[in-house]
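A.B. asks: Using the sequences and the hints given, assemble the complete structure.
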Amino acid sequence: MIAEMKWNPEEPVAINSQGEERPLEEALRRHFEITVLTKPLLEKALPLAPGASGLSELVENEQAVRDYMHGRDLLDLIRDYSLFDIPAKEFVSILRKMPPRLYSAASSLKAYPEEVHLTVGKVAFHAHGRERFGVCSGQCALRLQEGDTVPVYVHENSNFRLPADADAPIIMIGPGTGIAPFRAFLQEREEIGAQGKSWLFFGDQHFVTDFLYQVEWQRWLKQGVLSRIDLAFSRDASRKIYVQHRMLEKSRELYAWLQDGAVVYVCGDEKHMAKDVHQTLLSIVMNEGGMGEDAAKEYIMQMQKEKRYQRDVY
Amino acid sequence: MEKNKRLMEHEGPPSDVERIKRESNYLRGTLKETMADPVSAGIPDDDNRLLKFHGSYLQDDRDLRIERQRQKLEPAYQFMVRVRAPGGVATPEQWLVLDELARKYANGSLRLTTRQSFQLHGVLKWNMKTAIQQINEALLSTLGACGDVNRNVMCNPNPHQSHIHAEVYEWSKKLSEHLSPQTNAYHEIWLDGEKVVSTKESEEPLYKDVYLPRKFKIGIAVPPSNDIDVYSQDLGFIAIVENGRLAGFNVAVGGGMGMTDGDPYTYPQLASAIGFCPAEKMVEVAEKVVAIQRDFGNRSVRKYARFKYTIDDRGLDWFVNELHKRLGWTLEEKRPYQFLHNGDRYGWTEGSGGSWHYTLFVENGRIRDFDDYPLMTGLREIAAVHQGDFRLTPNQNVIIANVSPDKKDAIEALIESCGLANRKRHSPLRKHSMACVALPTCGLAKAESERYLPTLLDKIEKLFADAGLPDEEVVIRMSGCPNGCSRPALAEIAFIGKSPGKYNMYLGGSFNGERLNKLYRENAGESEIIEALQPIINHYAKEKQPDEHFGDFVIRCGYVKKVLSGQDFHA
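Quick mapping for you: the protein sequence lines, in order, are chains A and B. Just so we're aligned: 195 in the working numbering is position 195 of the first sequence, and the numbers increase by one with no gaps anywhere. To convert, count from 1 in the second sequence and add 1000; that's the working numbering.
One thing to keep in mind: the hints can contain errors.
As the list claims (entries may be wrong) - Have a look at the derived ranges for each label pair, beta carbon to beta carbon:
id: 1; chain 1: A; residue 1: G71; chain 2: B; residue 2: D1261; range: 56 to 62 Å
id: 2; chain 1: A; residue 1: H126; chain 2: B; residue 2: Q1133; range: 38 to 44 Å
id: 3; chain 1: A; residue 1: A166; chain 2: B; residue 2: R1368; range: 53 to 59 Å
None of these hints come from the bench; they were simulated from the model. Note that beta-carbon positions come from the ideal geometry of N, C-alpha and C, so glycine has one too.
C.D. replies: Dropping the structure here:
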């Protein structure tokens, strides 16, 4: 952006409303969101570039603006609508502060009092002629070196916790990076010597490369810390298999666990996985519990009320 | 060499593998369950021991070990699957099946072994059953390709004397069938066979529930070719051809290549010819020999369990007596024969029945498509039109055999169009070389072999060329560890892996495989190898006698001592 706009990277710019200043390059690298486009940002850009042809038409068209923003960043906007000749100070004033990226802790403080582990999947894709990377995952995967520091804070989620009763059975459904909190759960349960049964549903693309924390699950299974595991690797077979398919295969046992008071946790992709898993849970309750749809919905609602159905989806 | 230490070891408790075999219910173990366990791509050690008898075992890609450990992933487990094909004969249909399995379920390559069979590397657990089923549907098997049983029976594929070959091949098949494990476990586990209720006695009449103390290897040679290295076999048969017909076989016992680093009580050994038997008696002889090893082999210490030690510990006379006692008749005097070479003859040869045979050099037995050399595709295209058969040679090459005269041009055209014969001019020296698989898949390898020998040969070729001997035929073999799958102890120049990049170099084997070689340089890296070889090769170029082979020359000139018994190998 700096090169494209012919800005001076050393130029001081304000990074907050208190007027704190940083050199432009540092501000863009560390303090402002420049990879994700939003409609308010596009609207704010309009008055900066009254001559930009087509931008006002785009902003007025709801569907077009959504399509445009997908997979594009600020540099695309600058180039596509020739937003040149805007002073850095002005441009920066319309940017929003870089929002934090939230990751579930993948470790238990009891097991690692001095550490926190994260499960970070590198976001990388090719779109509109350029390689693009996730802001935080890209930072972790591509730039950070051992010993570097990053600004972090702890965000507590009181709606996603192990049951207070260490004997309560738990069912964990966490494909992909959704596995993270469950690693923490099992570390915790191992540390406190919990007796409750546990069942993990995990899935990803390939067994050989994507079985996250494989050797740890194997050890926990062997030691009985984990009671059961079911795996779904979607790209290994000709038919795509996901966690919900594995849940269906085990309907009867799964329902028995629910009847036994098991707490169900779902972590991971919101758009597809969590929805499909929810539907699957519903149909398992209907089929195995011999309930109509309304009764099954009520059953699950009741579980939610009792905090026996917790989700951390994104 | 004292015998007592090894003999004393017989007294010890049975090794753990003996327990695994006995408790396995005739090779079943818990294989059915562990092969179905989706949490690991591997299987437990006990079952892996048993899986060998089924023709496969667990390996992992050693190149990836450290990286995967960092990733909290188990090793990149994968299975090696070995086909049993007596005499290395495969039909074009069978070739096509194996070619497809290699591309679909293995690492995209097919390995021809030093015992005339096929190997697939890199088969994932979930594909094992399908792969083994398809191998069996093609009327091949993997049963007994590894494990403490008789292994793939080798047999000279010499196409020059095809009526003799045909007869000898039939005997190799009979031997192979007769000495196959009889347990139904293979069918139950891989082929969805019914679980057969049987009495323990009928399950394995020959092997019993303990099977053999170690692997057992049989090969049949047809002089003048010793391509199967008959002296390296536990039990070797040497075809005696009289008046153009197969009279019978000389019987040789107690050969074997493997040794253990640092243990002088282990050594490669040459088989000794003990007599002659008519052809129709050879299966009976083999059965009794195997039974003697079953009853007397060391079951306490596996490194002392090969048949060669059973014989060396008690003496050849003891063995011959025991064999005669069990046969109820005596072998005849061994008959004269002469071996001239143990390598392959390349290119087209005409068989006695008017059909043609083409021997294609396959460097280290590895069939895949190289960047500039579509070897795998070319052979697939040939298999698609070929009406004869394929024969794997004991030197890891392939013979496109029994080509009728009217089809010869078509096969020749395919060989030409795929450039199979002239990738680069392979030197005679390279065409007499062999390397075992070693890294990255073999768990035993201490150093590279298959991936490294071609580079080392570039340099050794240059030494011979610079000395004015560009067309010299020299048998050169490399093994990644002292187990010696490429039969290095018989080579004129041999390299046995010690640690990454370091080899023990041996000199003085014979061109026809009748003599062991001897250690010349220990723990040598490439530059030391070249430095050590250069003056000898120059000397050889200057002073070799007419037709004198390199291995004979180094003995005549005193570079190493002549070794005719394994008991002098370390002396």
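A.B. asks: Which numbered conditions among the earlier hints are violated in the structure presented, ordered from lowest to highest?
C.D. replies: Going through the list in order, the structure violates no hint and respects every one.
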